[in-house]
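Assemble the dimeric complex from its two separately framed chains, guided by the hints.
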Amino acid sequence: GESVGLHLPTLSVQEGDNSIINCAYSNSASDYFIWYKQESGKGPQFIIDIRSNMDKRQGQRVTVLLNKTVKHLSLQIAATQPGDSAVYFCAENEGSQGNLIFGKGTKLSVKP
Amino acid sequence: DTAVSQTPKYLVTQMGNDKSIKCEQNLGHDTMYWYKQDSKKFLKIMFSYNNKELIINETVPNRFSPKSPDKAHLNLHINSLELGDSAVYFCASSQRGLAGVPLRFGPGTRLTVT
Numbered sequence: 070g071e072s073v074g075l076h077l078p079t080l081s082v083q084e085g086d087n088s089i090i091n092c093a094y095s096n097s098a099s100d101y102f103i104w105y106k107q108e109s110g111k112g113p114q115f116i117i118d119i120r121s122n123m124d125k126r127q128g129q130r131v132t133v134l135l136n137k138t139v140k141h142l143s144l145q146i147a148a149t150q151p152g153d154s155a156v157y158f159c160a161e162n163e164g165s166q167g168n169l170i171f172g173k174g175t176k177l178s179v180k181p
Numbered sequence: 315d316t317a318v319s320q321t322p323k324y325l326v327t328q329m330g331n332d333k334s335i336k337c338e339q340n341l342g343h344d345t346m347y348w349y350k351q352d353s354k355k356f357l358k359i360m361f362s363y364n365n366k367e368l369i370i371n372e373t374v375p376n377r378f379s380p381k382s383p384d385k386a387h388l389n390l391h392i393n394s395l396e397l398g399d400s401a402v403y404f405c406a407s408s409q410r411g412l413a414g415v416p417l418r419f420g421p422g423t424r425l426t427v428t
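Residue numbers (our numbering), protein chains in the order written: chain E, 70 to 181; chain V, 315 to 428.
Bound conformation, chain V alone (with noise of 0.2 Å):
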């Protein structure tokens, strides 16, 4: 009855290489994001999907692009992979509405592009 699901967990890479991530979210939740954890713990939102469509983007690399099949779903695929890409990357669901509800947060998965 895992809420927020992940894989791969980990996922060890070469520079150049594509890669993705899936999520998925069995909370009924509607808006989906994905934030990337820096090596000082900072976190910080790269994307949100509310409905399949993308409401925030803040300023990331067009390498990399989520992908929304359905509600429940948010994969993050990235081209291209560099050497600063290395990061836990977090998948996060909410149900949008009135403002101020917690995000639900995934286990991560740990991303280390060699």
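If we strip away everything but chain E, and leave its shape as in the complex, we get (with noise of 0.2 Å):
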């Protein structure tokens, strides 16, 4: 389910390391789902996305993943880089209007 409390769910990894980012979404009906990646001071950035046709889709050194039995998505992102340090958000489309709903948001912190 969905994190609960005052502060930003962190995640802080190693240079180097691989990433995962959790999301859980709300609607069964979602057909489409998108991560968003959000630098300080910087509106939301396309990362990659995943139809509910497919369970998994690759990028340049980023993997989506979806569950659909459990309404879960991840990210992951592949030797992790400094520049990788953002707001992390998942985002699930309810339908034919193109609304996206999003997620609470995951703080990557990135340890050189």
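The hints are simulated quantities; they were obtained by calculation from the structure and are not laboratory data. Predicted model, so just to flag it, every value in this text is computed and none were measured. Incorrect hints may have been included.
[To be verified] Covered by chain E, according to a simulated footprint, are these stretches of chain V (three or more residues, beta-carbon under 8 Å):
1) 350-360
2) 419-426
[Unchecked claim] Here's a subset of chain E near chain V, in silico, CB distances under 10 Å, partners left out:
3) R126
4) Q127
5) V156
6) L169
7) G172
[Unchecked claim] Computed Cβ-Cβ distance ranges for the label pairs, DEER-style:
8) V:M329 with E:P181: 22 to 32 Å
9) V:E367 with E:T138: 29 to 39 Å
10) E:D86 with V:N393: 48 to 58 Å
11) E:S81 with V:A317: 24 to 34 Å
12) E:P181 with V:T426: 27 to 37 Å
13) V:N371 with E:N96: 13 to 23 Å
14) V:Q409 with E:N96: 21 to 31 Å
For each residue, glycine too, the CB sits at the ideal point set by N, CA and C.
Now the structure itself:
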């Protein structure tokens, strides 16, 4: 389920390690999912997306996994770099109007 | 060649004032959105406009009103500003049609109400 609390969930990794960021989505009817990266002082930036008819999609150093059975989405970042430090959001498309519903976000900190 | 731009980037104002935030996109998208990001980084949709028609309004107070002079612009007007309106506001755009098109976001406008 979604995290509850005052602080943003934080994942701290060593440079060069792999990172896994998890997300639980709410609507079993959602058919499209996106991961966004938001650096400090900037707007969310598209990373990778996946449709509900797939369970895995790979990009450059990133992989998204979708488990519709448990309504779970994950983002894997290979060989994490300091430039990957940011807040990561998952988002689900709730319908044909393209309205994206965002998850609460996870802050990724990369230690050099 | 900025895709989605917003002005101003920072806006500091007093309670009770009326202010506007402007947004422009040069991507040729037919749908534009406004999102609000609170202090906990939670992003919530406020409005979207498709071909000058409001298609989503997520129970936002009527002090907030989007205005779209054409499909490349969606401005946000806020009347009688309150302390709780302090947040970062993001404009976004997409090409609606088939479901499943990523939104492109602007750089955000940080609004501080004192």
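### Message
Name the hints, by number, that the structure is in violation of.
### Response
3, 4, 8
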